[in-house]
Amino acid sequence: MEAKEIIARRVAQELKEGYVVNLGIGLPTMVPRFLPKGVNITLQSENGFLGLGPLEGEPMPGVVNAGGVPCGLAPGAAMFDSATSFALIRGGHVDVTVLGGLQVDEEGSLANWMVPGKMVPGMGGAMDLVSGARKVIVAMEHCTKEGETRILERCSLPLTAKSRVSLVVTELAVFSISHGEFVLLETAPGISVETVREKTGARFAMADKVGEMALA
Amino acid sequence: MNKIVQWPEIGPLFRDGMTVMFGGFMGVGTPLGIVAVLRESRVGQLTLIGNDTAMPEAGVGPLVASGQVSRVIVSHIGTNPATGKKMIAGELDVDLVPQGTLIERIRCGGSGLGGVLTPTGVGTVVEEGKTKMAVGGKEYLLELPLRADIAIIKAKRADRAGNLVYERAARNFNPVIAFAADLVIVEVDELVEVGEIDPDMVMTPAALVDKIVLSQGA
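If you read the sequences in order, they're chains B and L. Each residue of the first sequence is one higher than the one before, starting from 0 at the first, in numbering that gives the first Met the number 0. Each residue of the second sequence is one higher than the one before, starting from 0 at the first, in numbering that gives the first Met the number 0.
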């Protein structure tokens, strides 16, 4: 199974019936495909609505996702302005945000919006999402293409938010951050704790029982 | 009071050095007819305030490419390579503001507030140079109001008085910037008589709108 699919399948297990969820662009948008049967969630789009759905048929005027791409609206969708959209986000009305990352550290800080001198696209809504969502899940590949770990003692890239991440899901492992402790919860099928340790720059504690990632 | 204007009356409303707020998210909800007028005019040294600089051929992108803009205050520039190039070349000042903070600063500017306290940006480069305050044991940044000389808005429908209805996600920044500028110009797809928009459905009240122009595609 491809790394991205492993990550998306595992993240999907975190989403519960009735949750309001905001998904970042890229990998996080794969998550709804793998929702457990019977779990219905409402997707929030920071450009101003609840009830994001897949595009069915022709694009409709004014119906685009936060990447500007035509999308669909679920029955019962609600549209609003950007101030309301970010009141939902900062006000704790979004249960979970799932975002990609460049780096995460053992304090639960996330860097995902710029690489000085290389990539300065702007933070868009990411800083508000990470600051305000009830639960922040980072869904990313464990290492860069060059093989460097993305999970560090301290992020070296500019932060998106400090100490707000509560779960990190990679194709190798799942970590939680709670009460300032970075804990290995699960490893992927066939991946040993030693492998995870080799590929992780952060210091981590072990859960009482380190489980195997459920990819159902 | 007649707020309906014709296209030739739009260009002369803009001057060099003005600050212009625009509606739109990646160009969706941006008044493209008004952007085209600005593009054809010789107005320069503009400061633009809005969500993003869209793409080179979308939203306010053409104004960035033409060099008529000297400063942008936005949350995202990544989809328009011209913005980044001009920033690196020193031809364009770019203030990047978190999207939720940007819209709240505009809301403050339009609603008589001296600023807003937000947790967004605490512990990041965004906090540099800003007043930090603790309220109830949590840290916040003081973010200051933004206003503009002119707001340019795209609406689906207006009545002749200026009550506005937006379409789907094209609403975004539009109703908020309508409060925060000295002059508010709206480009609409559809113009109806006063009374034809149900008062419960009005998204921007007519009192905020100064000029209405009918979209040429409509």
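If you're looking for bench data, these hints aren't it; they were derived computationally from the structure. Check before you lean on any hint, since a few could be wrong.
Said to hold, decoys possible - Derived DMTMM-like pairs: lysine to aspartate or glutamate, alpha-carbon spacing no greater than 20 Å straight-line:
hint, chain 1, residue 1, chain 2, residue 2
1, B, Lys117, L, Glu56
2, L, Lys2, L, Glu127
3, B, Lys117, L, Asp94
4, B, Lys134, L, Glu138
5, B, Lys36, B, Glu57
6, B, Lys198, B, Glu145
7, B, Lys134, B, Glu193
8, L, Lys84, L, Glu127
9, B, Lys161, L, Glu195
10, B, Lys161, L, Glu138
11, L, Lys137, B, Glu13
12, B, Lys15, B, Glu1
13, B, Lys117, L, Asp92
14, B, Lys15, B, Glu55
Claimed, not checked - A few chain L residues that face chain B, going by a derived Cβ cut-off under 10 Å, partial list only:
hint, residue
15, Trp6
16, Arg14
17, Met17
18, Thr18
19, Val27
20, Gly28
21, Leu31
22, Gly32
23, Ser40
24, Gln44
25, Thr46
26, Thr100
27, Gly122
28, Leu207
As the list claims (entries may be wrong) - Where chain L lies over chain B, by a calculated footprint (3+ residues, C-beta under 8 Å):
hint, stretch
29, 89-97
30, 155-164
Just so it is clear, the structure is predicted and the values come from calculations on it, not from any experiment. The C-beta atom is built at its ideal place from N, Cα and C for all residues, glycine as well.
* Classify the hint on glycine 32(L) as holds or violated, based on whether any CB of chain B lies nearer than 10 Å to its CB. => Violated. Min distance 16 Å.
* Asked: Within a Cα-Cα threshold of 20 Å, do lysine 161(B) and glutamate 195(L) meet the stated pairing?
  -> 50 Å, violated
* With chain B as the partner, please determine if valine 27(L) meets the hint condition of a C-beta pair closer than 10 Å. => At about 5 Å, which falls below the 10 Å cut-off, the nearest Cβ of chain B leaves the hint on valine 27(L) intact, so it holds.
* Asked: Once the shortest beta carbon distance from tryptophan 6(L) to chain B is found, is it less than 10 Å?
  -> Tryptophan 6(L) check fails; min Cβ-Cβ to chain B is 22 Å, beyond 10 Å.
* To do: Go through the hint on arginine 14(L) and say holds or violated, using the shortest Cβ distance to chain B against 10 Å.
  => The hint is violated - arginine 14(L) has no Cβ within 10 Å of chain B, the shortest such distance being about 27 Å.
* Agreement of hint leucine 207(L) with chain B interface, Cβ distance less than 10 Å -> 13 Å, violated
* To do: Compare the distance between the alpha carbons of lysine 2(L) and glutamate 127(L) with 20 Å, and conclude whether the hinted pair is satisfied.
  => Status violated; Cα separation ~43 Å.
* To do: Please count how many residues of the stretch 89-97 of chain B have a CB within 8 Å of a CB from chain L and say whether that reaches 3.
  => n = 1 at 8 Å, threshold three: violated.
* Does glutamate 57(B) lie within 20 Å of lysine 36(B) when you go C-alpha to C-alpha? -> 28 Å, violated
* Can the hint on threonine 46(L) be confirmed by a CB-to-CB distance to chain B that is less than 10 Å? -> 17 Å, violated
* Asked: Does aspartate 92(L) lie within 20 Å of lysine 117(B) when you go C-alpha to C-alpha?
  -> 17 Å, holds
* Asked: For the pair supplied as a hint, lysine 134(B) and glutamate 138(L), is the alpha-carbon distance within the 20 Å limit?
  -> 19 Å, holds
The earlier numbered hints that this structure contradicts are 1, 2, 5, 7, 8, 9, 11, 12, 14, 15, 16, 17, 18, 21, 22, 23, 24, 25, 28, 29.
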